[in-house]
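*Asks:* Here is what each chain is made of, one letter per residue.
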Amino acid sequence: MAGPSALAERLIARACGRDAVSAGEIVTCKVDLAMMHDSGGPRRIKPMLDRLGEAPWDSSRVALVTDHYAPAIDAESAAIVDLTRQWAREQGIAQFFDSEGICHVVLPEHGLIRPGMFVVGGDSHSPTGGAFGAFMVGIGATEMLGVLVRGEIWIKVPRTLLLTWHGRLAAGVTAKDMMLHLCATLGQAAVNYRAVEFAGEAVTSLPMAERMTLCNMTAELGAKTGLIAPDATTLDYLSEVGAPVSAAETAAWQTDLAADYELRRDYDASTLSPQVAAPHSPQASGPVSEHRGVAVDQAYIGSCTGAKLVDLRMAAEILTGRQIAAGTRLLVAPASNRVVEQAKAEGTLATLMEAGAVLLPTGCGACAGYGAGLLGEAEVCISSTARNFKGRMGAASAQIYLGSPYTVAAAAVAGHIVDPREFLP
Amino acid sequence: MIEGAVHRFGDNIDTDQLAPGRYMKGAIAEIARHCLEAVDPGFVDRVCPGDIIVAGDNFGAGSSREQAVAALLALGVSAVVAKSFARIFFRNALNLGLPVLVCPTASEIPDGARIAVDPTSGRAVETATGQQHDCEPIPSHLMAMVRDGGLLPHLEKTLRTSTNG
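In the order they appear, the protein sequences are chains A and B. With the working numbering, letter number 413 in the first sequence gets 413, and the count goes up by one each step, no holes. With the working numbering, letter number 51 in the second sequence gets 476, and the count goes up by one each step, no holes.
By construction, these hints were calculated from the structure, which means they are not laboratory data. A hint or two may mislead.
In silico BS3-like links for lysine-lysine, alpha-carbon gap of 30 Å or less [what the hints assert, rightly or not]:
1) A:30 to A:156
2) B:582 to A:156
3) B:508 to A:46
Please work from the sequences and hints to get the whole structure.
*Replies:* In structure tokens:
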């Protein structure tokens, strides 16, 4: 019998039909679900499939989302979204989510990511699905072609880093701050190609949306994926979205502290302060105090990383009874239509609007540089998104800072970067 | 053997620098015209077919967009030699037929030098000085796919062979 192994190794072993695998082995895994979006999906893959005379191996294992170019902002984007719709019809893709929101949030909302699954996504933020105890990895379009033709993919079993966060996050400090801190301190060389497994009280006390933020931003560490063992919080979420899973079914996907982790790091969540990434990399992160006073033209709450319901609630906590500063604009692009519905029903949306926020359509929006809310020359933006690469959100001379939704909302109120805890009770 | 003139870049060259988001809805030729403009506006005018990019750590960080590779290919770049690569970019490059070599001493290769790279042996040599740099070799079965122009033409060829045979 094999010894204790990291969660990633057990998930990969199941997917390749083995009892156990070891880090460094190259194995071929059966794909339970292949997720694509309008940018890297049919637009790139249909011509290749046609050239080979092939079709998806199993259309019930394909999920397709329009999020990068929907809603279209011009004729070119409209053509891309239209091509995506046509392909979904032609191939009979039942799991086609058109203009419902961002793939990484929409799939979980439909209960499509469940513990134990092996999932590939045609987007770099695909590790988000690891929050459900699934192995989910990002791939490019040609790689996806191979998956669609054969229903499988070769993969090198990654080494795993175990990151244990002890204690509880203080008020006004979030999963986003944990990830910015890791981006600044772990170093890409230590994480590149590895799986990251999160554990500890600070992680298990987080709701699913915050766990998704942790796994989502492992992409910024260079990780192959991020993982969190499923627990009662996971099962409650899956029940709520109509995809119930029993505790017995998740027994095999728990963290085993006796496993052979390449690196173990322990963190004290209770002493973490709000973090801000300076232009032009998430690795340029540090305590918010380092950037206090930087004047902000635009505050942006959006993306799979930073516009889920909990993210909007964080912003609303800051904005209740306040107005955004003159000369600063606050744009909110919720991650999905369901987030909009829930935020509307509970009053969160009204709080944001009353403070002066402008509501944008759901979807990837300005985060990917494709949608509304782009930046002009030398403008300064603070954003709840995952990436602040030079030129990503518009002009190359724009300065993009990253922070939690608390920090973004606080900057919108003050007109400059400020510790959001100054605005919390 | 691949031989060309070196264009040097630093660490963390990301996919938004290679294929900026605001040009992503265009054809590859248009994206290529803006390749790396945020870090080196003159690059697309200077680069010649066959040239080689040499960079630091984490080349290709960020998005899964294959256009980051396709833009380099459209400009005629024949290989990228870097201290390390982001994982999705690395797989995309081989899948599209662009040799990518991990080279711990990449930062010692001067800008403008000519180098000759042999991907299967992992050897890179500065033509003028004979200075040698060791890279991680690309396995010969993967180089066969790269030489075919990537996974798609390779699959076409293999499917044709298996149908005929």
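*Asks:* Give a verdict on every hint.
*Replies:* Hints, verified against the model:
1. The straight-line distance between the Cα atoms of residue 30 of chain A and residue 156 of chain A is roughly 14 Å, inside the 30 Å bound, and the hint therefore holds.
2. Restraint check: the Cα-Cα separation between residue 582 of chain B and residue 156 of chain A comes to about 25 Å, which is no more than 30 Å; the hinted pair holds.
3. A hinted pair counts as satisfied when its Cα atoms are at most 30 Å apart, and residue 508 of chain B with residue 46 of chain A does not qualify at roughly 35 Å.
In this structure, the one hint that does not hold is number 3.
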